[in-house]
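Visitor: Here the sequence shown stands for residues 1 to 113, where the numbers follow full-length UniProt numbering.
FYI, nobody ran anything at the bench for these hints, they're computed from the structure. Among the hints, a few may not be true.
Listed below are the simulated DSSO-like cross-link pairs for lysine-lysine, each with C-alpha atoms no more than 27 Å apart in a straight line [to be verified]:
{"no.": "1", "residue 1": "Lys98", "residue 2": "Lys56"}
{"no.": "2", "residue 1": "Lys86", "residue 2": "Lys108"}
{"no.": "3", "residue 1": "Lys86", "residue 2": "Lys56"}
{"no.": "4", "residue 1": "Lys109", "residue 2": "Lys56"}
{"no.": "5", "residue 1": "Lys64", "residue 2": "Lys98"}
{"no.": "6", "residue 1": "Lys109", "residue 2": "Lys86"}
{"no.": "7", "residue 1": "Lys105", "residue 2": "Lys56"}
{"no.": "8", "residue 1": "Lys64", "residue 2": "Lys101"}
Have a look at the derived ranges for each label pair, beta carbon to beta carbon [unchecked claim]:
{"no.": "9", "residue 1": "Arg80", "residue 2": "Lys108", "range": "39 to 47 Å"}
{"no.": "10", "residue 1": "Lys110", "residue 2": "Asp81", "range": "28 to 36 Å"}
{"no.": "11", "residue 1": "Thr61", "residue 2": "Thr82", "range": "12 to 20 Å"}
Glycine included, every Cβ here is placed at the ideal spot set by N, Cα and C.
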Amino acid sequence: MESIVAVAGHESTAVKRKMSDTHDESQNDEETVETSSTEPHKTLDDSGITENVPSKPAQETLMKKISLLQQKIIVLTEARDTGIAKDDVHDEIKKLRKELKEEEKFLKKKRDC
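Modelling step: build the complete structure from the supplied sequences, incorporating the hints.
Guide: This is the structure we're talking about:
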């Protein structure tokens, strides 16, 4: 039987090794690793009920693009409202909103498949 030597709250190295050896034996050989592309996302369907939908790389790309479009729209709208934007910003906002709707429809189609 090994003795535990504690000095100022620290165990000796021999005891730590012994503890880690028993810990390693108790672990499973198989490990499951989840990446961000396999983690489920909460979505809100038309009925208002949330369900877990596994995300795919193509969906991740579309979600990032949609997020970027939303950010651009917000920035341009704030610039327009404060008066620091160019005169053609209204047309740019309309174009971005149209593109955003198209990307959201495309993402919905990808999720429904």
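Visitor: Between lysine 110 and aspartate 81, does the beta-carbon spacing fit 28 to 36 Å?
Guide: At roughly 34 Å between Cβ atoms, aspartate 81 and lysine 110 fall inside 28 to 36 Å, so the hint holds.
Visitor: Would the pair lysine 109 and lysine 86 pass a check requiring their Cα atoms to be no farther apart than 27 Å?
Guide: Violated, at roughly 36 Å.
Visitor: Against the 27 Å threshold, does the CA-CA distance of lysine 109 and lysine 56 hold or violate the hint?
Guide: holds (13 Å)
Visitor: Given the hint that lysine 98 pairs with lysine 56, does the C-alpha gap stay at or below 27 Å?
Guide: Roughly 24 Å separates the two Cα atoms, so the pair holds.
Visitor: The hint says 39 to 47 Å between arginine 80 and lysine 108; measuring C-beta to C-beta, is that right?
Guide: violated (29 Å)
Visitor: Given the hint that lysine 64 pairs with lysine 98, does the C-alpha gap stay at or below 27 Å?
Guide: Holds. Lysine 64 to lysine 98 sits at ~17 Å (cutoff 27 Å).
Visitor: Please verify whether lysine 64 and lysine 101 have alpha carbons no more than 27 Å apart.
Guide: holds (14 Å)
Visitor: Is it true that the CA of lysine 86 sits at most 27 Å from the CA of lysine 108?
Guide: Violated: lysine 86 and lysine 108 sit about 34 Å apart, past 27 Å.
Visitor: Are the Cα atoms of lysine 105 and lysine 56 separated by 27 Å or less?
Guide: Holds: lysine 105 and lysine 56 sit about 16 Å apart, inside 27 Å.
Visitor: How does the Cβ-Cβ distance of threonine 61 and threonine 82 compare with 12 to 20 Å: does it lie in that range?
Guide: violated (32 Å)
Visitor: Could you grab the alpha-carbon distance between lysine 86 and lysine 56 and see if it respects the 27 Å cut-off?
Guide: violated (38 Å)
The earlier numbered hints that this structure contradicts are 2, 3, 6, 9, 11.
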